[in-house]
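Trainee: Residue-level listing of the chains:
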Amino acid sequence: MEGSESWDLILTPQRSFFDINLKDIWRYRDLLWLFVRRDFVSFYKQTILGPLWFFIQPLFTTVIYTFVFGGLASIPTDGIKSPAVFYMAGITLWNYFADCITKTSTVFKDNTNIFGKVYFPRIVMPLSLIVSNLIRFGVQMLLFLVTMGFFYWIRGDHSFYFTAYVLLFPLVVLLMALQGLGLGMIVSAMTTRYRDLAFLVLFGVQLLMYATTVIYPLSSIIQKFGGKHVWLVRTIEYNPMTAVIETFRIGFLGHGTFSWGMLAYSTTVTFIILILGVLTFNKVERSFVDTI
Amino acid sequence: MSVAIKVENLSKAYQLGEFGTGTVSRDIERWFARVRGKDDPFLKIGETNDRAVKGGSDVVWSLKDINLEIKQGDAVGIIGRNGAGKSTFLKILSRVTAPTTGSVKARGRIASLLEVGTGFHPELTGKENIYLNGAILGMRKKEIDRKMDQIVDFSGVERYLDTPVKRYSSGMYVRLAFAVAAHLDSEILIVDEVLAVGDAEFQAKCLGKMKDVSSTQGRTVLFVSHNMAAIQKLCNSGLLLNKGQIVVDGPIRKALDVYMNDGGRGSAEYLFDADKLQSDLAFVTRVRVEDLEGRLLSEIPIGRPWRVRMSIRVNEAIRGMVVGLGMINNLEVPVRTSWNLPRDFQPGNYTVTFEEQHVVFSSGRYRLLAGLSVKGQSIQYLDDNMFVSFSDVIENMNGSVVKSDNGVILNQMKMFVEEDI
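Going down the list, the sequences are from chains A and B. Under our numbering, the residue at position 211 of the first sequence is numbered 211, and the numbers go up by one with no gaps. Take any residue in the second sequence, note its place counting from 1, add 292, and you have its number in our numbering.
Honestly, the hints are just simulated from the structure, not real lab data. Predicted, not measured: the structure shown is a model, and the values here were computed from it. From the three backbone atoms N, C-alpha and C, an ideal C-beta is built for every residue, glycine too.
DSSO-like cross-link-like pairs, simulated, lysine-lysine; straight-line CA separation at most 30 Å:
(1) B/K434 / A/K23
(2) B/K363 / A/K23
(3) B/K433 / A/K23
(4) B/K419 / A/K23
(5) B/K397 / A/K23
Derived coverage of chain A by chain B (criterion: at least 3 residues anywhere in the stretch with Cβ under 8 Å from a Cβ of chain B; other residues may be distant):
(6) 22 to 32
(7) 39 to 52
(8) 102 to 116
From just these sequences and the hints, can you work out the full model?
Mentor: Structural data, given as structure tokens:
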């Protein structure tokens, strides 16, 4: 006789949408950390310059932006005299966000061999990407602070300064991470079936940068287009990343367009994206091994 | 004895072909049907996974209506031809893929070894990979710390622990990978054909470890392998799958017997399509298993002399061709290979005879292989379900043979008894 039906594991075809097994994920937390370590170490070991690359990309990009957007195109920088500081702020943040999306979007494709052979909560992989990108972000934040210091003390530019909003920094980072995670998961879930989407992502992220206030301040958009092309202003304002970047800039540089309303809106949208991402990811996770 | 795994009405369907532009519309159709509460219009009933037949629909049932119970502590050998559904079954149990219908229920943790070295990263050292691989397989870091010494000891690569794995030889790689997996600590362990790794010594070690895991540690083990000898040693229970369905679910001996004797419809003459091979230098057209009077024998009584006659057509003049005949027993052990000394052949038809008058093999079915080669280069290698079978009937042995399956060879040695003075 069977006795009580107490099973530890039950596998069935359907699973409710909201089944996120947090206990499972917690059990695999060592694995998450090991993945982060693996990504970091393998990156380090495979390049000559190693972690120096973390500095080179933002530096170069800042220089180019300063020249092209600040110098050539004369796009305003919200009243900050050293445009490099302005651009680097946007770049540092945007790098993290873009990395989160692009790396998460290929997580299934890049790891088919592991996923096809062993079980672990699939979400551990995108989570590990978010965390390992944080390390890179941390390094680039240091670079940013150093650059700020350089322009402040050595170049004597006092047009920027910290404000109390700097305390919102953790929230800013969290919002970025979750948006990147959510969008990345949606894309990666869809690319298991429709591969062209992967190309769209790279392209899309680039476009998205121009639709966010990375290389120009929101204030100048409102000023220039507020009258005739309000739809443009609204589009940019409705972009959840806009609030993130503006909040960051007002915190660290004292110049930005901030409103609690915008921040609240951004937070709400972030959570919606996250939930959507987790749902689609879950739905696809169990069957993607068959379709990829 | 409690039930460790209970499988009810388990089925798995796979979609064949490309997933290109057709599937967006299909997905919408499917979703729409599901929303309306109707069946998925694309899962047709009845197609089984027979690779030789191109089916009508492009959905294939890799597993169909599997119902079984595995008791705790069982060591189950899952056998079957390629394509029978063994790996799919294991994948579902391992949560790598989901069932299409039905359910699987289990008590205890399931740890799977479907491939050695899953997740190994070439740039990381051996030690780092032990942690990574162990964690992927489900171990906690503390657990790995505790077992590190045992794992390293088992693998035998202690000297190289701090070297990146990309520098390891393939043997070392595999030993390390298996060592990690061998120390998994779960109630249910699933192993898929991974014992065919490493050299003979290591394979024996792995087998020993698996035996230890299932008998002394009392864990439930599910084991897929083509190595019938290993399966027999390790398992007490057998599951024979064919085309996605259960053929035998019972003692291992029974499953093995049915598997081995599948297809033995008593043929003794094998014909080969000459038209397909017209372009070859030489090829075998017919193989007959008969006694010395030329009678076709699908089952040879023990003690009767027998021979294999091959008809060969030679298309071009060949110098130094060797004709060979191999016999392999039901545990996939090669028993004997015979061949002639290299001989020149002019174009024409030939009959090559391999005669056995002395050695008496034990009863059972042996697979025959035929081969033609010149200077070590193979012209034809024929492994096409040809068999010679020896029955239980004992003939002409003067009472020297009593049991038909008493060992591999039944002949007696020449023996003397002398009283010491």
